Amino acid sequence: MLTYTRRLPITTPLVLEARQIRKSYGAVHALRGVSFDLYAGEVHALVGENGAGKSTLIKILTGAVEPDAGEILLHGERIVENSPAKARALGISVIYQQPALFPDLTVAENIALASESGSLLRRVDWRSRRARASELLARVGSHVSPDARAGSLSMPEQQMVEIAKALDANARVLIMDEPTASLGDQDAASLFRLVDELRAKGTAIIYISHRFEELFLLANRVTILRDGISIQTCAMADVTNADLIRLMVGRELDTVFPKHKTTLGETVFEVRDLSCSRLGVKKASLTIRAGEILGLAGLVGSGRTQLAEALFGLAPLESGEVLLNGERLSIESPADAVRAGLAYVPEDRRRHGVILNLSIAVNSTLASLGKISNSRGFLNAATEKQLANDCIAKLGVKAPSADTLARNLSGGNQQKVALARWLMTDPKVLILDEPTQGIDVGAKSEIYHLIGRLAASGLAILMISSETLEILGLSDRIAVMAKGEIVGLLERDKATPQLILEMALT
Amino acid sequence: MNVRLEREWPALGAVAALYLFLAIAAPSFYHFENLRDLALANVPVLLVAAGMTLVIVIAQIDISVGSLFAVAGVTFGVFVKAGLPLWLAPFAAILVGAALGAVNGGLISFVRAPSIVVTLATMIIWRESLRWSTGGAWIEDLPANFQWFGLGQQAGQAVIVAIALVLFALFWWASDNLSVFRAVYATGSDSEAARLAGIPVKQVLFGVFVLMGALTGIAAVLNAVRFSDVPANSGMDLELKAIAAVVVGGTPITGGRGSLLGTFIGVLLLGSIGPALTFLGINPYWEKAVQGAIILATVLFDALRMHRARRLAIA
Chain Y
1 MLTYTRRLPI TTPLVLEARQ IRKSYGAVHA LRGVSFDLYA GEVHALVGEN GAGKSTLIKI
61 LTGAVEPDAG EILLHGERIV ENSPAKARAL GISVIYQQPA LFPDLTVAEN IALASESGSL
121 LRRVDWRSRR ARASELLARV GSHVSPDARA GSLSMPEQQM VEIAKALDAN ARVLIMDEPT
181 ASLGDQDAAS LFRLVDELRA KGTAIIYISH RFEELFLLAN RVTILRDGIS IQTCAMADVT
241 NADLIRLMVG RELDTVFPKH KTTLGETVFE VRDLSCSRLG VKKASLTIRA GEILGLAGLV
301 GSGRTQLAEA LFGLAPLESG EVLLNGERLS IESPADAVRA GLAYVPEDRR RHGVILNLSI
361 AVNSTLASLG KISNSRGFLN AATEKQLAND CIAKLGVKAP SADTLARNLS GGNQQKVALA
421 RWLMTDPKVL ILDEPTQGID VGAKSEIYHL IGRLAASGLA ILMISSETLE ILGLSDRIAV
481 MAKGEIVGLL ERDKATPQLI LEMALT
Chain S
1 MNVRLEREWP ALGAVAALYL FLAIAAPSFY HFENLRDLAL ANVPVLLVAA GMTLVIVIAQ
61 IDISVGSLFA VAGVTFGVFV KAGLPLWLAP FAAILVGAAL GAVNGGLISF VRAPSIVVTL
121 ATMIIWRESL RWSTGGAWIE DLPANFQWFG LGQQAGQAVI VAIALVLFAL FWWASDNLSV
181 FRAVYATGSD SEAARLAGIP VKQVLFGVFV LMGALTGIAA VLNAVRFSDV PANSGMDLEL
241 KAIAAVVVGG TPITGGRGSL LGTFIGVLLL GSIGPALTFL GINPYWEKAV QGAIILATVL
301 FDALRMHRAR RLAIA
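The listed protein sequences derive, respectively, from chains Y and S. The numbering of the first sequence is this note's numbering, which starts it at 1 and goes up by one. The numbering of the second sequence is this note's numbering, which starts it at 1 and goes up by one.
Next up, chain S with everything else stripped away, as it sits in the complex (with noise of 0.2 Å):
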């Protein structure tokens, strides 16, 4: 595997940084209950921002996708409760991701509108048409074995962030091993000089958007079991939290560069902000602020690099 650490190092010291502290002045925050909560609230933010990488890094952005989760979650509780098995419910879900993602890739790809727009417009239709669909009702009265899969909680929740941590690695390695992961950074990077090196510029593009989706409503399934109801209002700010992460990462938000590594580094700084204070005796209030400061940081230290490496070229 390719681990250059190019643009993740910022993120990785500061993770390395946080955890030091915090084996120092807070030991307790590794016990084994903290970590398995840190890692189970950060499954969804994890799989969502695996996908909002490729959507970064092929210069494009999706902010529906919290919209998203919430339709997709909301369908897989309805089709558990209409009698789908349990082992289908999940594809059906995840097929109505994909679906959605289509929509999003079908409309700036093809007809060319612009991702922000687009994505801004669905995030909105998606939220509202669940809100009017469902009455702000949750999904409840769902059968004994849908919390957890049946497995009760404790392998319930190793099997979720197993599926996980399992899938993000697949998608890292495949990010270095498959072919049309280079056509997707060659694109982000230049999509005229990628069309005209024969890559279906088009066809990528949607396909990244479709992937997506397909990750979101994996994201929503292994959320929605952790509970017995599914609520109808799920993934309020998922897109903020993902792009954030991804950011931090160090993938540039103008696309073309940056890596899964980054994104994972990003998903578990961010992610261990809140528990760290929480055991450092902070008022946790000051999550929001601190993991603000953090993205601040990054997009700053990414200009100052940015200039001095101008600096260097002309001197």
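Extracted from the complex, chain Y is given alone in its bound form (with noise of 0.2 Å):
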């Protein structure tokens, strides 16, 4: 049930209501039970961490995705076989975090796609599209020309050309999904009195940032998600910045984290500051000792894979260095990396961990083809299915054979795989990107295992996580990156789930 005080002027009436949504993604659930309810005239925030349901949340209100179970009222209606263009009619519109403008378009033609309706033989009236377009644009404050192609403009730019579109199709309920992740401190003061502007209309506003200060200025209400499940909902006059971030965190480290005891060895991995402003990495530093988790949090977006990335030479580097046991590396390009005794198992497994198309077999030895052939370049099969039966008996990948197609798999498989290849490669530093991402709850207990057990063998292991349990659980230490830099490093008994999220918020 809802626990919640509301200051409000009682006559605003009820505009939309969510009642225990539930959404699974196959053995993921991602929403639990929220129940949620927003009235004209208001800002109401919806925070929690990474991975909460927040996404989920919109992606269902604005139709994107059908939920399990649960019902959406609009004024008092139950809205039902909703879909993107249905949702759009109803008048709830959603501006994301990141833009999603057509490039090749003008900002005019844009902005008619969301609106205009009609015949696709209709004449288009060029003159009033530019018109209306142009009012929009004066309505958000800003100066882009409607003429201007919408690829040309900047991010900030293309975002006030979203809110414009929203503001065009009339919205009854517009959710911003941290609409200041890429505007600046000007574009956002005038995204702010926008929001105030259309809040004095009448317009019903769910608002959601990391950005606690924003809340605090512009919400009447927040409600609070954890785990898929709506925690609270209370008025944002009631709440602190730390009532939020324990709102938010709300529980205990269980003990699903096998931490294996290790004695921590010599610094094997130093990286000195590191920048690279391609990637958007500033002044990096870290070290990693044999032996040595160490977890790499921060929120989507501050920078952790970008970090990751950089140092096994997927963009070039403007300063920085990078030792491996006292010596300095020169990283151009993953092969060096390789070479060097780096190894990376990227975010997206299905994507670019493994290649779907190829044996287990093809895949667990693909960075080490040098093992399995001699100095010509000549495979020896017999050496391969060695090695592939090897990593599978080692790993417990479970698969009928060593020929058995990636594709095949499940995704804890997917992931033991994609380890196994870098694993032959003998690595002195293991880099993780989100090793649990998607995969169910048993396979990452084996995976989290999997983990302390290459630690405890005398790898440098740095992990990246976005789940604050599983970086708690698993680390020696943990630094903590927001914008790219890296904001803090905790020692593993000093580091709480508040103290993380708090360095992640600066």
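Because the hints were derived from the structure by calculation, they are not lab data. Predicted, not measured: the structure shown is a model, and the values here were computed from it. You may find that some hints are simply not true.
Claimed, not checked - Now the stretches of chain Y that chain S is said to cover, found in silico as 3 or more residues with beta-carbon under 8 Å:
| no. | stretch |
| --- | --- |
| 1 | 137–146 |
| 2 | 335–343 |
| 3 | 353–359 |
| 4 | 377–389 |
Backbone N, C-alpha and C fix where the C-beta goes; we use that ideal spot for every residue, glycine too.
Both chains are sitting in their own frames, so use the hints and assemble them into the complex.
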């Protein structure tokens, strides 16, 4: 049940209500019961950790995803068979974190696409289309020309066009998902003015942001999501920063994380003042000792993956140095990184971690072709088979044989194959990016055991994860990133979810 | 050797059916002279299709090979006429082929231009440069030992077919046993994943196009010595024949999969249609239509299979 105190004029009508929304993707429960209400003329903040279910909730409200259970009511009427077109027709608009304009169309065309309707063969009234666009742009305080190609605009300019688009759709419910993520201070200020103006006109606004100061500035009420459940809804005036963080994290560490006892060795890997403007990494420094797991925490978009990519030679570095066992490495390509003894298991396993059309054997030996072929490059089928079977046995990959295609494996087993590929290269440093993303609970625990064993064998491991519990459960130390910088370093026994989140929000 | 016939069996079945039918309906098809002519006529396509298999497996395309074939053939003739020893001239022509392949490969891998556009441009440029520089004239008055490498017709024919088959077999063997071919398949499946696995994706891509050029050069040389003169307009439609054979052999145009065995079957199937029609007493004008139908059938078959696989996956 919802518990909240409302400090709004009683007279404003209830616009939108979500009741006990549930949604699972396979074994992953994204939403396990979210209830939520929204009044006209209200800015309602939605907060929660990465993976708490905010995006899924938005997708359900906008009709992009169908809920497994629960109902959505608009003005007291149940929305049935929701779809993006239907939601828009009902006056539910959304502005995403990243603008999604058609880059090759003009601003006016982009705006028109969102609102004009009628026959596909109707004549386009260019003059009124341009006039309408100009008017909307003026309303949001943007100075871009309606004839500008959307792709030629800067991110903040594009974001303002997105907002103009939403205005044009005559939104009664406006959902803003991290709208200031790509805006500077000045643009953000004009966005806030606009939000206020819309509220005054009775638009109901759902506002999602990690930046709490914005919420305290704008929001009337706030709903906290955690693990797919709406924990609490309260008036913004009744909560403090600390309350919000406590409610977002809210649970104790349990014992799913087997931290293997390891004695840490010498410093193996050291990064000094690494900067890469292409990837947005600023002055990153860190050290990892043999047998140590360094957790890299931070919000989505804080630059953790980018740091890993910079280390792996995926973009040129401006400054900084990378040392392995005290020796300076020069890494200009992934091939250099592999040679130097680095291994990188990327995020989004199905896209770049394993190659779906190839067999387990080929996938697992792909980064160490030298090992299964002689000096002239001839493959040795027997060695290959043996190595592949070894890794199947060692990592517990569940598959009929080494010839099974990667596409026929479960997520957990694909991840094991991705790990196997890199373990075969005998790396000194292993970089894991979201190692358990989209893996079911049982397999997660197996992967944790595996990571623990690898650390115990003396590897230096850098583990990126958005799951605070995973970070706390496995890491020896935790580095926290925000806006491309490492903003804090915590020892295992000092780290708490609250502390990490506070740092990540700086 | 890793023979699984997952994607090759439709073409293999068609070849088997065709040859069985010919054995009953037109046994004279199996006369030695006919089979020899069939093999000789398909030597260029076979070698070019070998290279094209790799190009398509790596998820690219090369439509300049027909023009490249003509350039390499003329170069070969010019070198021989200029007095280069007959054992050396082929290598010079192959080198020219590799160099032109390197132009394609460089633009595609390092400049990142799309292969269909790059090779469309070089297809036109090479064909037209050749027309301009030779004025359309054939390379004539070649030394007497040019034709059949001076071995006489029978031995020459045998040598040409043997070279082509041995090369193809080597290539096939290598595709299963050389680690660099792993890199080709991985790159064709997912070049970003391959890059993250430390594979030098650009160099591999470049190498494939150089190899394509060199193989086309070899094909041009083996084709040229069948005659006493070198025409300036050879290799017309060769790229289409090669691509067709690769596709019919089960290599998907989207790359990442496919085999040289399949390509061999594809060349055999498409190359046998013309002679088969003749021996069956059907107007050989139908050859292209039948070949087109085979290509269409391959694609339809693949689409159906994908559809069924997807339905099974959902169920």
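Subject >> In rising order, the numbers of the hints this structure does not comply with >> reply: Structure breaks hint 1 only.
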